[in-house]
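**Student:** In case you want the letters, here they are:
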Amino acid sequence: MVARERPLSPHLQVYRPQITSVLSIVHRLTGVALCVGTLLLVWWLVAAAAGPDAFEAAQGFIGSIFGRLILFGWSWALLYHLCNGVRHLVWDAGYGFELDTLTRSGWLTLVVSIGLTLIAWIAGYAMMGG
Amino acid sequence: MAVRTPIGRARGLGSAKEGTHHWWMQRVTAIALVPLALWFVASVASMAGADYVAMRAWAGQPITATLLISLIVATFYHAALGMQVVYEDYVHPHWVKVVFDIATKLVFFAFAVACIFSILKLAFAA
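Chains as they are written, first to last, in the numbering used here: chain A, 1 to 130; chain B, 1 to 126.
If we strip away everything but chain B, and leave its shape as in the complex, we get:
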């Protein structure tokens, strides 16, 4: 039997003061994504049927590149947090949950890096 008070046990197993970090970052990225996503939908709609030259000219502008990279970072951050919650709710064997979560984070990170590199390439080549 452990000779510890309940509060001592709770402190030892507690949230390390980071319990709300996931929840908070999901909201911060959500707030960022409201204008970014609306801007992106409007941009894609206004570029419907645009050719390669027009796409490069658009993506190469500093403001476009800045907003696109912000969109990518916020999107994949938000998506990784969201998928983590989905796994936590529905995937039961603990190790499967952990494998799914890590795999998702690695894949999303790689996607984000590929997108950012592509945007920078378009921007610097413009």
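In isolation and in its complexed conformation, chain A is listed as follows:
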């Protein structure tokens, strides 16, 4: 029997992206990205336990331009997932579902996560002496 191309009902592409929907999928994407990012954490800890040479190799990668880019993305993903996670916990408690509150808490989450990331990196560079 020949499979017939049947019409499908419209899916995600017919909806205009909104702050709520975009942040929701970003929460999931950062969660998955952080799972991959834990590889870096595992490498860093195992290398430290393995000895100075292994640790230097790990630090060398993390300290390279490519490594720093990954770490920058990783730190923002972590802080975003954390801030939006707190937003989720507030929802779990039953608060914050009014439309204007949702929009405001969404933008606040974005601003705070970027702010915390920048603070962490400015502090890090200050520790290294610029």
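No false leads were slipped in.
If you anchor each label on the Cβ, the simulated ranges turn out as follows:
no. : chain 1 : residue 1 : chain 2 : residue 2 : range
1   : A       : S21       : B       : H94       : 22 to 30 Å
2   : A       : D53       : B       : K97       : 35 to 43 Å
3   : B       : I31       : A       : V111      : 21 to 29 Å
4   : B       : K105      : A       : S21       : 23 to 31 Å
5   : A       : A54       : B       : V99       : 29 to 37 Å
6   : B       : K97       : A       : A54       : 35 to 43 Å
7   : A       : L39       : B       : G8        : 43 to 51 Å
8   : B       : A125      : A       : Y15       : 54 to 62 Å
Treat the hints as calculated values from the structure; they're not laboratory data. Backbone N, C-alpha and C define an ideal beta-carbon position, used for all residues, glycine too.
Starting from the known structure of chain A, fit chain B onto it as the hints suggest.
**Tutor:** Just chain B now, kept in the frame of chain A:
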């Protein structure tokens, strides 16, 4: 035809009273991870450019080791629960979903054990 009432069928197929366990543990680990992750980011930032000796001295402290192991356990537990939901939503053939979920749990468990062993080694060698 099965001679059973709908409620009898529901009891037989029900949640075994564990329906909320996944959801609940995701929240418990999330709450634990709020302070742990913030502490970890602050620690890594304050150790930027630190050498091997400084890293060992930091990781070897009892408080650091305790917090690091807590971070590792909560992180991989939370990550395994999260990936399970992602698979349940997007991976369709049932057996593929099950294989992905089991593989993820085994890999995350191995990662967590490797991290905990490394932290303990640093702590006891300090």
